[in-house]
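Chains H and Y supply the protein sequences, listed in that same order.
Heads up: the first sequence at position 220 corresponds to 219 in numbering that gives the first Met the number 0, and the numbers run straight through without jumps.
Heads up: the second sequence at position 387 corresponds to 386 in numbering that gives the first Met the number 0, and the numbers run straight through without jumps.
Simulated from the structure, these hints should not be mistaken for lab results.
Accuracy of the hints is not assured; some may be wrong.
The list that follows gives simulated cross-link-like pairs (lysine to any residue, SDA-like), each with its CA atoms no further than 20 Å apart [stated by the list, open to error]:
id, chain 1, residue 1, chain 2, residue 2
1, Y, K148, H, K103
2, H, K103, Y, F13
3, Y, K148, H, R202
4, Y, K148, H, P207
5, Y, K148, H, A241
6, H, K151, H, A241
7, H, K151, H, V75
8, Y, K363, Y, P255
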Amino acid sequence: MDRRATFDNLWLAGALVAPQILLVVVFFYWPTMQALYWAFSTQPPFGGTNQWVGWQNFEQIFSDAVYWNSVRVSIVFAILSTALSIGMALLLALMIDRQLAGHKAYRFVYFWPYAIAAPAVGLAFRFIFAPDAGFVSAINQLAPNLWNPALKGWDAMLLIVIANSWKMMAYNFIFFLAALQSIPRSLVEAAAMDGSGVLRRARDIQIPLLAPTLFFLLVINITESFVDSFGIVDITTGGGPARATDLMVFKIYSDGFKGLDYSMAAAQSIVLMLLVIGLTFVQFRYVEKRVHYA
Amino acid sequence: MEHSLELAQISKAFGKTGVLSEIDLAVQPGEFLSLVGPSGCGKSTLLRIISGLERQDAGQVRIAGRTVDALSPRARNIAMVFQNYALYPHMSAAENIALPLMVDRLSLFERLPLIRHLSPRRKRIEAAISGEIGKVAEALQIEPLLARKPGQLSGGQRQRVALARAMVRQPSLFLMDEPLSNLDAQLRVHMRDELTDLHRRLGATFIYVTHDQIEAMTMSTRIAMLDGGRLAQIGSPADLYERPASLTVARFIGSPAINVLPARLDPQGHVILGTLPTGLVVPDGMAGPVSLGLRPEHIRLHAACDRAMPMATLRRSEHHGADRLLHLDLAEDRQTGLIVRIPQDETGQFQPGETYGIGFAPEKAHLFDASGLRMATRTVPARIGAAA
Ligand SMILES: Nc1ncnc2c1ncn2[C@@H]1O[C@H](COP(=O)(O)OP(=O)(O)OP(=O)(O)O)[C@@H](O)[C@H]1O
Ligand SMILES: [Mg+2]
Numbered sequence: 000m001d002r003r004a005t006f007d008n009l010w011l012a013g014a015l016v017a018p019q020i021l022l023v024v025v026f027f028y029w030p031t032m033q034a035l036y037w038a039f040s041t042q043p044p045f046g047g048t049n050q051w052v053g054w055q056n057f058e059q060i061f062s063d064a065v066y067w068n069s070v071r072v073s074i075v076f077a078i079l080s081t082a083l084s085i086g087m088a089l090l091l092a093l094m095i096d097r098q099l100a101g102h103k104a105y106r107f108v109y110f111w112p113y114a115i116a117a118p119a120v121g122l123a124f125r126f127i128f129a130p131d132a133g134f135v136s137a138i139n140q141l142a143p144n145l146w147n148p149a150l151k152g153w154d155a156m157l158l159i160v161i162a163n164s165w166k167m168m169a170y171n172f173i174f175f176l177a178a179l180q181s182i183p184r185s186l187v188e189a190a191a192m193d194g195s196g197v198l199r200r201a202r203d204i205q206i207p208l209l210a211p212t213l214f215f216l217l218v219i220n221i222t223e224s225f226v227d228s229f230g231i232v233d234i235t236t237g238g239g240p241a242r243a244t245d246l247m248v249f250k251i252y253s254d255g256f257k258g259l260d261y262s263m264a265a266a267q268s269i270v271l272m273l274l275v276i277g278l279t280f281v282q283f284r285y286v287e288k289r290v291h292y293a
Numbered sequence: 000m001e002h003s004l005e006l007a008q009i010s011k012a013f014g015k016t017g018v019l020s021e022i023d024l025a026v027q028p029g030e031f032l033s034l035v036g037p038s039g040c041g042k043s044t045l046l047r048i049i050s051g052l053e054r055q056d057a058g059q060v061r062i063a064g065r066t067v068d069a070l071s072p073r074a075r076n077i078a079m080v081f082q083n084y085a086l087y088p089h090m091s092a093a094e095n096i097a098l099p100l101m102v103d104r105l106s107l108f109e110r111l112p113l114i115r116h117l118s119p120r121r122k123r124i125e126a127a128i129s130g131e132i133g134k135v136a137e138a139l140q141i142e143p144l145l146a147r148k149p150g151q152l153s154g155g156q157r158q159r160v161a162l163a164r165a166m167v168r169q170p171s172l173f174l175m176d177e178p179l180s181n182l183d184a185q186l187r188v189h190m191r192d193e194l195t196d197l198h199r200r201l202g203a204t205f206i207y208v209t210h211d212q213i214e215a216m217t218m219s220t221r222i223a224m225l226d227g228g229r230l231a232q233i234g235s236p237a238d239l240y241e242r243p244a245s246l247t248v249a250r251f252i253g254s255p256a257i258n259v260l261p262a263r264l265d266p267q268g269h270v271i272l273g274t275l276p277t278g279l280v281v282p283d284g285m286a287g288p289v290s291l292g293l294r295p296e297h298i299r300l301h302a303a304c305d306r307a308m309p310m311a312t313l314r315r316s317e318h319h320g321a322d323r324l325l326h327l328d329l330a331e332d333r334q335t336g337l338i339v340r341i342p343q344d345e346t347g348q349f350q351p352g353e354t355y356g357i358g359f360a361p362e363k364a365h366l367f368d369a370s371g372l373r374m375a376t377r378t379v380p381a382r383i384g385a386a387a
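Isolated chain H, as found in the complex (with noise of 0.2 Å):
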């Protein structure tokens, strides 16, 4: 039962893969080798060609404390972005899904944020929650310096925080609205004759049954906050105050296109590509088994 459709004109067949594969090596695997080029070498300080150095650039990245901030900094971040964009579009999908008042306007209104460009969400979030003039200076009226991102860093880690879960939300929201309405109407229904309220249906019956989805989306937005958080923090924050929002992936662009250290970029980049593909196949490995697809 071979249904596969087979060439025999190989050179036919390899025509019409060439765009694709020409797309992945020029932009993938090309930029990937590179990075390994130059993570495992050095530039010599006057010029010439690069010399190969082992592991050394490694060994400096991982001795370096600033590095390691980062890598913590990183790990705040993606948890508490995950935990809200996850958490929020969950909500926001549960309250559309009861088919409240101006359901289907919210529908549109709530993916509009993924479809903006994540500079453009940190140039918004920056005025909106600018300690001076923003809509949210209002509270340090209560008491000076009450909110301030360019000074106080667990402020500053907030403001990215939130402005990268307003983007993901859209995006969690999308899915979790496409799971919720594949899930019978019956048995929600069940539920509520057999005495359940709206939030424990969505305990006892939604959220289990969203678990393949929530899963997926888990598994996402953790990667997108280890290497798509650039745009973000480059626009709002810089990496500051005092490096509390200096995220692995800004620190590789700091370090690589600021700090003209193309080497120490590239062996941080290797490390963080290791760390995304570690962090994918753990939570494919166990979290998956805990999932159940109904």
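Given the coordinates of chain H, assemble chain Y with the ligands onto it according to the supplied hints.
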């Protein structure tokens, strides 16, 4: 005694399409009431209105004498068995059955992981619950299945688990929406018995939706037939069979379906079939077309060719166990088919292709006016051509 359920003037429309109009219904405690009717006539909608899953546009629902219109489904204390059973796929059968009790007796916090261990009464309540599950499971003979998930159960087993989940709360009112329609024919007959039995044992009120008239006839104490969003008739199975209030009811109840022959009233009110008087008279009927309904078992075939009888040709004869069904075509220009049920031992006399005279006892015939409503008739002694 208080009615178990009372519906007063219930109306419902989805957008512009009216589904139910002015349904009045009163159900006694302990009754087994079947709601029947053709597909799309609003049976499920009515059930959902009773359960509170759907809100009526007008009218009132009273359960045990209490108006429940403002109450959510959970506050009405009724149980419902869904057509697809609606078992929770991620829970075992036992957990499915336990859920209504858990929700009822434990707070949300007492069911959260870790936090629940703080509650001193949780253990006791859970023990009581599993005792009750055991009892229900025993009654329905599903003890060996309790650990399985719904996906690992057969249709009949799922059905029983769904019943158990409905029973465990001991509601006074059970709603069932075509609970047997997903089962194969044999299992359906078996579950029919079990449900009737269960109804007797529990003594609770059952409202049972079906579009299978045999289920309705065999299980119910009363049948309510919906047609076009209205209550066409309500009564015992025998009432609906023997005195159908309309042509629709007559056609729906009974298998094989009733034979309907076009007839007319002459100015004196005599019912004329073709050119022959039938012995039926409508006391003050207006001349015009009417329909004559004859159950298959009420028609007699006569081999002797008496010209004063309508004639029909035997097309086909079917073996149905104890009975035989004869399919005939009415002679003359009418193409009307006719089905006659006769006991097996009388079949020898009838040969396909032969023509027979049609006779019936006028008091067994049903007469419906042009709009399909039942007409009161009496018989006259001079039964011209209609020998019994
Ligand atoms: N949510 C809804 N929105 C719009 N129309 C609906 C809705 N639910 C039911 N209807 C319509 O109401 C009518 C009655 O539906 P209902 O499900 O009560 O029929 P039923 O008698 O249960 O039929 P069946 O025997 O096929 O189950 C149908 O014409 C159906 O299309
Ligand atoms: Mg229905």
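Hints, verified against the model:
{"no.": "1", "hint": "K148(Y) - K103(H)", "verdict": "violated, 35 Å"}
{"no.": "2", "hint": "K103(H) - F13(Y)", "verdict": "holds, 19 Å"}
{"no.": "3", "hint": "K148(Y) - R202(H)", "verdict": "holds, 19 Å"}
{"no.": "4", "hint": "K148(Y) - P207(H)", "verdict": "holds, 14 Å"}
{"no.": "5", "hint": "K148(Y) - A241(H)", "verdict": "violated, 54 Å"}
{"no.": "6", "hint": "K151(H) - A241(H)", "verdict": "holds, 9 Å"}
{"no.": "7", "hint": "K151(H) - V75(H)", "verdict": "holds, 16 Å"}
{"no.": "8", "hint": "K363(Y) - P255(Y)", "verdict": "holds, 16 Å"}
Consistency with the previously given hints fails for numbers 1, 5, ordered from lowest to highest.
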